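S.K.: Chain by chain, the residues:
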Amino acid sequence: MSASKIKLLLVESKPNDADKIHAALQEVALNQFAITHTANMTEAVELIDKKQFDVVLFDAGMTDTRELVSCCHLSKINPSLPYIVLGDEDNQELALAAVKQGAQDYLNKRKATGQVLIRVIRYAIERKRSEENLQTNKEDVQQLLEYADEGIYSVDLEGNCTFINPGALRMLGYHDESQLLGKHIHTLIHHSRADGSPCLDNECRVYASSRIGKVFHVEDEVLWRADGSSFPVEYRTAPTRVNGVINGSVVTFSDITQRKRVESELKASHDELEQRVKERTRHLEKVNQLLEIEIEHRIKAQEVLDAEREFISTLLDTVGALVCVLDKEGRIVMFNRACEETTGYRFDEVKGKYVWDRFLVEEDIEPVTQVIRNLQAGQFPSRYENYWLARDGEKRMIVWTNTVLLDDDEVKNIIGTGIDITEKRKIEEKEKQRVLELAHVSRLSTMGEMATQIAHELNQPLSAITTYSDACLYMLKSMPEENSDLLSALWGIKQQAQRSGEIIRGLRNFVSKGELQTSTTDINTLVHSVINLAMTELRNNKVDVKFSLDETLPLIITEKILIEQVILNLVRNAIDSMVEANSVRREIHIHTLMNKENIIEVRIKDTGPGLEADQIENIFSTFVTTKPQGIGMGLPISRTIIEAHEGKLFAESGKNTGACFVFTLPTKKQNE
Amino acid sequence: MQSQPIVHIVDDDSAIRDSLSFLMKSVGFESKVYASAETFLNQADFDKPGCLVVDVRMRGMSGLELQQVLNEKNSKLPVIIITGHGDIPMAVQAMQAGAVDFLEKPYDNQILIARIRQCLEEVTKEQDKESRIAEAKARLTQLTPRELEVLNLLVAGKHNKIIANELNISVRTAEAHRAKVMKKLQADSLSDIVRIALMR
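One line per chain: the protein sequences are A and B, in this order. According to the working numbering, the residues represented by the first sequence are 1 to 672, in order. According to the working numbering, the residues represented by the second sequence are 1 to 200, in order.
It is possible that some hints are incorrect.
Once the Cα atoms are required to be at most 25 angstroms apart in a straight line, the calculated DSS-like pairs of lysine-lysine come out as [unchecked claim]:
| no. | chain 1 | residue 1 | chain 2 | residue 2 |
| --- | --- | --- | --- | --- |
| 1 | B | Lys73 | B | Lys32 |
| 2 | B | Lys137 | B | Lys184 |
| 3 | B | Lys105 | A | Lys560 |
| 4 | A | Lys351 | A | Lys328 |
| 5 | B | Lys73 | B | Lys125 |
| 6 | A | Lys477 | B | Lys25 |
| 7 | B | Lys32 | A | Lys477 |
| 8 | B | Lys129 | B | Lys183 |
| 9 | A | Lys494 | B | Lys105 |
| 10 | A | Lys494 | B | Lys25 |
Okay, the calculated beta carbon distance ranges per label pair [claimed, not checked]:
| no. | chain 1 | residue 1 | chain 2 | residue 2 | range |
| --- | --- | --- | --- | --- | --- |
| 11 | B | Ala15 | A | Asn532 | 26 to 32 angstroms |
| 12 | B | Lys125 | A | Asn540 | 54 to 60 angstroms |
| 13 | B | Ala15 | A | Lys477 | 22 to 28 angstroms |
| 14 | B | Glu72 | A | Gln517 | 35 to 41 angstroms |
| 15 | A | Gln517 | B | Ala15 | 25 to 31 angstroms |
| 16 | B | Ile133 | A | Met479 | 36 to 42 angstroms |
| 17 | A | Asn595 | B | Ala15 | 44 to 50 angstroms |
| 18 | B | Ser14 | A | Asn532 | 33 to 39 angstroms |
| 19 | A | Leu458 | B | Glu126 | 37 to 43 angstroms |
| 20 | A | Thr525 | B | Glu72 | 50 to 56 angstroms |
Calculated directly from the structure, the hints in this document are not laboratory data. Source: prediction; values computed, not measured. The C-beta atom is built at its ideal place from N, Cα and C for all residues, glycine as well.
Bound-form chain A, shown alone (with noise of 0.2 angstroms):
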């Protein structure tokens, strides 16, 4: 539209209005509009039919309302073309009779500028314009319906007919569309099913689909015509939409009765083929079955054949049993796969050799003689159990069952078939130690518990006396003469009760929880303080300590007071054997090292009378102790302190040298 410029026609008898109409659209667009201007009706009925224009501007004040009536006859001229109708003023009822026989709209020209002028032409063009597609379209859809083979119709929410297609009226045996128009065609057409069932509203696929707004196809009911035969359909249904709101729903449908007649006839057909095909099919399959019945029991006899042979020559190399045929002297005759891989010795090195030179350890040697000569004896079977060395050195516990075979009541043949049970004995001994592990873990578990109790009960009574010694200290501290054995005694009470609440509270965290509330120390220090709190001990049983501490050790994470109980424990258990053993040497020496395994160790040696073998194996045990007065709580205690911080406690001793307890901590850095 931009591209050729708007013919407008004016019709407009006031000159003054023209010129200013004229001026109004120059100012704005003047060179996008052709304008041509009369001021006389007849000349612009002349005009409107010969030439063409885009718009026609029309002065209502240049008539009467009688007058306005011929606009109708301009439409009618000229169908296509948009008129708008100028006024004088605010003429509502004019504007209104003037779009009501078809003007576009109604401008009042005493306030229209040029840019609202140029607005309503361009709308009105192209309002008129869209009108006209509009129209075309509908046209288009109307003839499409006309002549549609198909038939169609459609209903309101309601269910009423709102309108039907030539095809459908055919198809349904009505010759006049307000027949059906406006009727609930639902129980006219569509009330019943093929077998005469009814077809309730709510069943109806043509309501579900304005109801719940999906397409259906459907094709497997029928429709009734008007005489009340029927015939089937395949019809398609669609919600309708105004404004995106459903009001209703269309159908499509076709008679097939024809496809439904070659379908059927079709079908038929095809089942007989079918039918005939099954026949044959269920012939070949029995011969088949017959057939394959008869292969199988040839594969599986010859199966069974092979089998057995195999068997014989494969079962000895495949048990995991020994087996192991001697002579009647004793010699090896027969040494199955199992025997070689037990003993490393391949048959061909044994064959003909006598059991006991090549495999019996020497106390063995007598009593499986004296099996043998049983078994020959005629006491078979029998069991026993005895060690076979492998070519190793490797001792192997195997569990042998022995039969012989007779030839003529005599011994022809002694079997021994054996189980290797070396690996199932040492897992039997782990379990064992489990077991032991379990047990000392359970009887931890209420040393717990009996911390725990302990703890509560001991805090109290130490909160006191700290509270106490505290009091005590004021009331010193505010006496006019200082007292300073007596402040520093009170001072230690205080001092050793808060002590002993820390080692309760610590020991039960730890044993109640198996939780370590580490922090990071210097052994040596915790050496150091442990001498300084058994001091008095020492000094009172004569005990020399000697030290020998590698200054240079790095730092380790500890429970400290944990720890010092350890180192404590060790200390006195070494006064006490001293003491016991009433030792004229009483020391004790204290080692810190880093050992090989870039380990620290700490080692706590006495002068004592030392450990038997048997007292090493045992003393970490709980409840065990070598004190007439202990209670042997506190070496597996320490033990499990110190496996806690991943070390280890054990002790060492030899003949006169005195015990030695060693425990390693691992370092800082290897914690990290």
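Given chain A, put chain B in place with the hints provided.
M.R.: Chain B in isolation, oriented as in the chain A frame:
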């Protein structure tokens, strides 16, 4: 006029009770001990100045419950709660319920004393303030209407001359009134007068 504040100690362990009472005595605090929260509620005059040290875990009513009862009674008694080691939830609850402090077992007695002292000082300060206000009010009632007028003008920052002028009296009379006011209020200076006047 002022009474010595009392440290109330509630603990169900007699040794703890006794040792704490001894400790209080050693630092010069007056204390009273109770074996249970119930006994405390029955026997203690908790409207009087003081503070309460209570163990959170006790047989019968717990420390927290006692705190609640005191809150319901609108008691202003500051409460120090003693909780078990690592019993953070209890401590938090106690603080939320308005405890002035909590101490985790094992606590240092020195810290306990410091906390109690702090509590008592605040209580005393509060008490002092209240009694000072009461005294000031009492003194002010002794002034004659004329003297009150003079006082108001003094507080407003007026000189004797202006006071005399405004009250239509001689400067000498104004001075005499002023001296009377100072004597009655036991004030040493003008700033004393202002302070007392502001307490009204």
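S.K.: Could you run down the list of hints and mark each one as holding or not?
M.R.: Now the hints, each set against the structure:
no., hint, verdict
1, Lys73(B) with Lys32(B), "20 angstroms, holds"
2, Lys137(B) with Lys184(B), "12 angstroms, holds"
3, Lys105(B) with Lys560(A), "20 angstroms, holds"
4, Lys351(A) with Lys328(A), "14 angstroms, holds"
5, Lys73(B) with Lys125(B), "23 angstroms, holds"
6, Lys477(A) with Lys25(B), "13 angstroms, holds"
7, Lys32(B) with Lys477(A), "24 angstroms, holds"
8, Lys129(B) with Lys183(B), "22 angstroms, holds"
9, Lys494(A) with Lys105(B), "16 angstroms, holds"
10, Lys494(A) with Lys25(B), "18 angstroms, holds"
11, Ala15(B) with Asn532(A): 26 to 32 angstroms, "29 angstroms, holds"
12, Lys125(B) with Asn540(A): 54 to 60 angstroms, "55 angstroms, holds"
13, Ala15(B) with Lys477(A): 22 to 28 angstroms, "23 angstroms, holds"
14, Glu72(B) with Gln517(A): 35 to 41 angstroms, "40 angstroms, holds"
15, Gln517(A) with Ala15(B): 25 to 31 angstroms, "27 angstroms, holds"
16, Ile133(B) with Met479(A): 36 to 42 angstroms, "40 angstroms, holds"
17, Asn595(A) with Ala15(B): 44 to 50 angstroms, "48 angstroms, holds"
18, Ser14(B) with Asn532(A): 33 to 39 angstroms, "34 angstroms, holds"
19, Leu458(A) with Glu126(B): 37 to 43 angstroms, "41 angstroms, holds"
20, Thr525(A) with Glu72(B): 50 to 56 angstroms, "53 angstroms, holds"
Checked against the numbered hints listed earlier, the structure breaks none of them; every hint is satisfied.
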